[in-house]
Amino acid sequence: MRKIDISEKISNTAYIPIAIIAAILMIIPVYILFITSFAVPSDILKPHPDFFITRFTLDHWKDVFLSGNIWPPFKKSFVVATMTTIIAIIIAAPAAYVIARMPSKIKYAVVLSLFFTRMFPDVGIALPIAVEFIKLNLMDTYLGLVMAHLIVNLPFAAWILVGTFETIPKDLEEAALVDGTSKLTALMRIIMPIALPGIAVTAIFVWLNSWNEFTYALYLTISDRTLPLQTYYYVQRGGIFDSATYAAILTIPVMLVTFFLQKYMKSGYLAGAVKG
Amino acid sequence: MAYVNFVKKYKLEIAMVLPLLLYILGFTVYPIIQTITLSFQDQYTKAFTLANYKEIIGKTEFKNAFFNTIALTFISLTLEMTAGLVIALILKRNFRGKGLLRSLMLVPMGVPTLVSGVAMTYIFGLNGYFNELLEKLHLIKLPVDWASGGFKTLLMVSVADMWKVTPLVILLLLAGLESIPDEVYEASNIDGATAWQTFKYVTLPLLKPSITMALILRAIDAFRIFELVLVLAGRATPVISTFAYDEYNNYANAYTSAAASTILLLIIAVFIVSYLKIAGTKEEQ
Numbered sequence: 001m002r003k004i005d006i007s008e009k010i011s012n013t014a015y016i017p018i019a020i021i022a023a024i025l026m027i028i029p030v031y032i033l034f035i036t037s038f039a040v041p042s043d044i045l046k047p048h049p050d051f052f053i054t055r056f057t058l059d060h061w062k063d064v065f066l067s068g069n070i071w072p073p074f075k076k077s078f079v080v081a082t083m084t085t086i087i088a089i090i091i092a093a094p095a096a097y098v099i100a101r102m103p104s105k106i107k108y109a110v111v112l113s114l115f116f117t118r119m120f121p122d123v124g125i126a127l128p129i130a131v132e133f134i135k136l137n138l139m140d141t142y143l144g145l146v147m148a149h150l151i152v153n154l155p156f157a158a159w160i161l162v163g164t165f166e167t168i169p170k171d172l173e174e175a176a177l178v179d180g181t182s183k184l185t186a187l188m189r190i191i192m193p194i195a196l197p198g199i200a201v202t203a204i205f206v207w208l209n210s211w212n213e214f215t216y217a218l219y220l221t222i223s224d225r226t227l228p229l230q231t232y233y234y235v236q237r238g239g240i241f242d243s244a245t246y247a248a249i250l251t252i253p254v255m256l257v258t259f260f261l262q263k264y265m266k267s268g269y270l271a272g273a274v275k276g
Numbered sequence: 001m002a003y004v005n006f007v008k009k010y011k012l013e014i015a016m017v018l019p020l021l022l023y024i025l026g027f028t029v030y031p032i033i034q035t036i037t038l039s040f041q042d043q044y045t046k047a048f049t050l051a052n053y054k055e056i057i058g059k060t061e062f063k064n065a066f067f068n069t070i071a072l073t074f075i076s077l078t079l080e081m082t083a084g085l086v087i088a089l090i091l092k093r094n095f096r097g098k099g100l101l102r103s104l105m106l107v108p109m110g111v112p113t114l115v116s117g118v119a120m121t122y123i124f125g126l127n128g129y130f131n132e133l134l135e136k137l138h139l140i141k142l143p144v145d146w147a148s149g150g151f152k153t154l155l156m157v158s159v160a161d162m163w164k165v166t167p168l169v170i171l172l173l174l175a176g177l178e179s180i181p182d183e184v185y186e187a188s189n190i191d192g193a194t195a196w197q198t199f200k201y202v203t204l205p206l207l208k209p210s211i212t213m214a215l216i217l218r219a220i221d222a223f224r225i226f227e228l229v230l231v232l233a234g235r236a237t238p239v240i241s242t243f244a245y246d247e248y249n250n251y252a253n254a255y256t257s258a259a260a261s262t263i264l265l266l267i268i269a270v271f272i273v274s275y276l277k278i279a280g281t282k283e284e285q
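In order, the protein sequence lines correspond to chains A and B. For the first sequence, our numbering assigns the number 1 to the initial residue and increments by one for each residue that follows. For the second sequence, our numbering assigns the number 1 to the initial residue and increments by one for each residue that follows.
Quick caveat, the hints were computed from the structure, so don't treat them as lab data. All clues given are correct.
Selected chain B positions facing chain A (in silico; Cβ < 10 Å):
1. M16
2. L100
3. S116
4. G125
5. T166
6. Q197
C-beta: ideal position from N, C-alpha, C; glycine also.
Produce the complete structure using the sequences and hints provided.
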């Protein structure tokens, strides 16, 4: 029987408390954000703000919704995210299928280059895009923003989808080809339906990326703000309750989706992905 | 001739990849080349010049931004890797409530980066919750202004960044930990190794590739940090990317902005190359 040493004792007793403290620290900022959006101003705007609030108010939410300042940004964010998602999938899915069927050496190189396009600083890409878009009158437009968000999301979507298509056995389409169907029919009738769940998950991630996107929106906006920019606008003006409410509205769809899609958050998806 | 045959045989495949390829070339590769070109151009004559670089390097803001970027990366990485490793090791154990705890640890992933910055402004504000906590613990008498610049602002941004990305580090390291075979631990157990020895001589060396990968990936992200700094520190504590934005947006100088971006690009390229080297040697093993 080996004896239990001190380091083992420490790790065996301390791991639960450490885990609980860490979990609490992970939730606190979200908690503070939400209570701020529901708090009575006098409970927060004082030298010693209350951590647990007992008085709740819907005033800030009402103000935000009644002000009329939320719908244009909300609509812009929603439409841009949806359009970006549709176009990203239409372009990235077929390409990802082809990449997945390439010889493994070439595939590795292609996937790696896709990955690295997402590593470049956005400020370096957004700058010439903005300069160009001013000339083309694309500032403040939905089209301009969709085009910019595709920069971020096309490589990302293709990168994830290559993984999806790789798991579909090659035999399936070969069998269909032997039966005399064309490549295109085999792809549409056999491969795409099998890949559909993977495509759906990718689409949701793309939608979220676009919904959260900040840098390109900042460069390409003069007056028609997206929801993140509207949040930032109130941060700059020091509107604590406005920014908390806008931030909460921005967060809710993201949180719900991340919670339900947790099992897809494997390290493979992560590196360039979830980080906004 | 072989070329024509290749195109004929694979015309469908080519048609399927081409839009993606063209988009990336036109909207990522070409803009990057434009930025680099811009950085070497004279504002008026468009002739080749190093003046843009000279101008920004002469600016105190840029020196600060450069230093802040490096310092921020260093502090953030230290915090994130330590916390990530500790939590990943805990989540590798089996205990009741592990699933719930794991879900809670991943909460920051469901929060947009901008929003995490907003939440942090409430925590690190002058009358914020962190100052309140420190006062309650009698560690400070007067509230600290975390956003006033200098080391404490860097620390604040690092903590904000740490909160946002530690889940990612946890997942990357957990994947690495789970790939270590149980037999190795059984063997070290039989040899009578202490928990610390097992960690130091078994877990850490076997986890080294995952740690290195996570470090490089996180370093690349840390260099590009933008929203968090913009929201939390504003212009008082610039980093290279916010400096580049500032030059473009507030001074309307695309050329100096491009020069700053190019310097950032160069730093990141160095890290990408080191990633490739490490990924390459991993491939060979």
